[in-house]
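Read top to bottom, the protein sequences are chains S and B. Residues 1 to 249 (this note's numbering) make up the first sequence, in order. Residues 1001 to 1479 (this note's numbering) make up the second sequence, in order.
It is possible that some hints are incorrect.
Now the in silico label distances, taken between C-beta atoms and shown as ranges [said to hold, decoys possible]:
# : chain 1 : residue 1 : chain 2 : residue 2 : range
1 : B       : Asn-1344  : S       : Arg-39    : 29 to 35 Å
2 : B       : Ile-1234  : S       : Gly-40    : 47 to 53 Å
3 : S       : Arg-31    : B       : Ile-1242  : 45 to 51 Å
4 : S       : Lys-166   : B       : Ile-1242  : 44 to 50 Å
5 : B       : Ala-1440  : S       : Gln-28    : 52 to 58 Å
Worth flagging that the hints you see were computed from the coordinates, not collected in a lab. No residue lacks a Cβ here, since even glycine has one placed at the ideal position from N, Cα and C.
So you can see what is in the structure, the chains are spelled out below.
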Amino acid sequence: MSQPNPLLETPEPLLEIKGVNSFYGKIQALRTVDLSVHRGEIVTLIGANGAGKSTLMMTICGKPPCRDGTIRFDGRDIHALPMHEIMRLGIAQSPEGRRIFGRMSVLENLQLGAFLTDPHHFEEDLERVLQLFPVLKERSGQRGGTLSGGEQQMLAIARALMGRPKLLLLDEPSLGLAPLIVKQIFSILKELNRTQNLTVFLVEQNAWHALHLAHRAYVMVNGRITLSGKGSELLEKEEVRAAYLEGGQ
Amino acid sequence: MTAAFSKKQKAVVKGAIISSLMAATMAFLLSIFMLGLRTKSAAGALVLEPRFTLVAGITVLVFSGRLLLHLFWWNKKALSSHSFKQPGWFEQLASSKKIGWFGQLALAQKLKGLGKHGGTIMIALCFILPLLLFFFNLKLGTGLPLRYWFDIATLILTYIMLGWGLNIVVGLAGLLDLGYVAFYAIGAYSYALLAQHFGLSFWLCLPLAGLLAATWGVILGFPVLRLRGDYLAIVTLAFGEIIRIILLNWYQFTGGPDGLSGVPRPSFFGLPFKRYGDQTFHIFFGLDYSSLHRILFLYYIILLLALLTNFVTHKMRRLPIGRAWEALREDETACRSLGINTVNTKLTAFATGAMFGGFAGSFFATRQGFISPESFTFIESAIILAIVVLGGMGSQIGVVIASVVMIGGFELLRNMEGLKYVFGQEFDPSLYRMILFGFAMVAIMVWKPRGLISARLPTIFLKTETAVSPSPQNKGDAQ
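My request is simple: use the sequences and hints to build the entire structure.
Given below as structure tokens:
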């Protein structure tokens, strides 16, 4: 296990995962995972295909439920709650594969993102989100399914932001997108974190971008966290470079 | 412009002949038993009557039909010697399909323009329809009693209401329900039994029947919460059959196959529609007695019930719960990740849909005066579902069009006396309704696979933005 960074250590992290084991049937997907995300941080989890990154993300959301260990969010144990209740506590997720409501308009997608928030905030939040992603404003009447991949990803993030989350979970936002779009999305995330102090937990295969963006990072191999540290530190590490960066960049 | 056939053309002709021969063989094999032999009861025994000329006729017809299609339709380009041709009327019609009358977008826009006033006009038309029918019948003389027209209008409205009710479950929430008729039955039996055993009036029983049906909707909803698509369809189909079989076999309670007769008629604010009595409708209003009063009254009841269904659905779509239904149809996982409780969402969809089914059911009971399990067979579910699917899932106006065409069409077939002169006295057009129904289904699925009205209007727009990029409704269909 790594030493937590003393600078970022606050009394209680926003999200704290301790000793979590998670299974798909008999197959163990997560092995005693420890991980924490503090307020105002961008934390990334990188790893190869099938390492268990998305499983960890889904376990945080309660499906599949973790078999052992604890997951605490904002001072509450959440590992026994059903998914929609977990989301109610202030976690928003941009799921893997984006999962846009294809036949509904962009605006309706955003409206559904604000499902849990006070409707009085809607106009204001919409304005804020459309400013972040101006392209969505142009597309507001269009069906979600007709957007390009990058636009859909932006919509997924925007939809998640509409819920005024305390913690934003992003599952592979760069998947299948052109490098320029990835860059754009990551810079928006950085901006959000800087100006609005948004806490982000990011699962990525695109290690180079993710490590550049994140304050701290974890590396997952076969359901275990094998490395952790500052994003910039991990970028320098030989084993990370060899496994995830060389050839990738 | 050479007279001789090119190699390519020869190949096409050869292929066409082979394909037509195969189709003819298939038609022959199919028709030899279905059409070639007919049972006839003669002198106390069944006799087989061969009709081989018919089989031969069909085979020849299929062969020549397919050959013609091959030569003049499917392979026009390969066979025509002109490379450039002025487009004929048919080509023009075919190409105008993309932008013209049949075009999705054009139709959607027309409906959008129509939607502002069209709805109001249509409702107004429905309200004065009896008047129109009255004059129509009086002036033109349709040869059918006025009552007949009112009955058809009532029947169509019943199916429109059922279609709208099922539309909530199937069209909005995307839960394929093949047993919707169960709720119709529950509504009908609730009213009949409550009225018979406790003497409750129609107006009291109507909400109770809706409530009971909604309860059963939730009861059905619970076990199927985890199911989607085909599996859900199977369980709902079974549910529909279970209800029907219970009604059929629980003799002491439901009267079994005998059904329940003497279901009370509704009263107009306490005034019954009876010929004799102290305080009846016609006496109170100083009219002469006419049985049409009751029929008209029933028409307005179902009209109001149907409008209520539409109104509630319309409002619901703009409420969070309605949005959650539509989101559920699109992507269940995404719904959960946005904090939507999918369990409640599904159950409310089932309950709301079932409630309107229950309303329609108790209306059915009071209109018919007699109910039996015969009225609630699977084919009813199928027809209601067909109305929803043909109309375009989720489209309210589509349901109206499909109901009018299907139910009205079925009724029309009953009265095609003229066809008897063409096909002989034995010809009964209403026997062909299922075939036509099948044809309609196939035709719709080929040309408009998403139903007559497949464009879906969003429930929210940006206030400032009016210009929407071209064809937003259409692109999604292509995928």
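Practice task
Using the beta carbons of S/Arg-31 and B/Ile-1242, state whether their distance is inside 45 to 51 Å or not.
Solution key: 47 Å, holds
Exercise for the section: Check the following: the C-beta atoms of B/Asn-1344 and S/Arg-39 are separated by a distance inside 29 to 35 Å. Expected result: 32 Å, holds
Exercise for the section: Take the C-beta atom of B/Ala-1440 and the C-beta atom of S/Gln-28, compute their distance, and say whether it sits inside 52 to 58 Å. Expected result: 54 Å, holds
Handout entry: Assessment of proposed distance window 44 to 50 Å (beta carbons of S/Lys-166, B/Ile-1242)
Key = At roughly 47 Å between Cβ atoms, B/Ile-1242 and S/Lys-166 fall inside 44 to 50 Å, so the hint holds.
Practice task
Mind checking the hinted window 47 to 53 Å against the Cβ distance between B/Ile-1234 and S/Gly-40?
Solution key: Since the Cβ atoms of B/Ile-1234 and S/Gly-40 sit about 51 Å apart, the hinted range of 47 to 53 Å holds.
Hint check: no violations occur; every hint is consistent with the structure.
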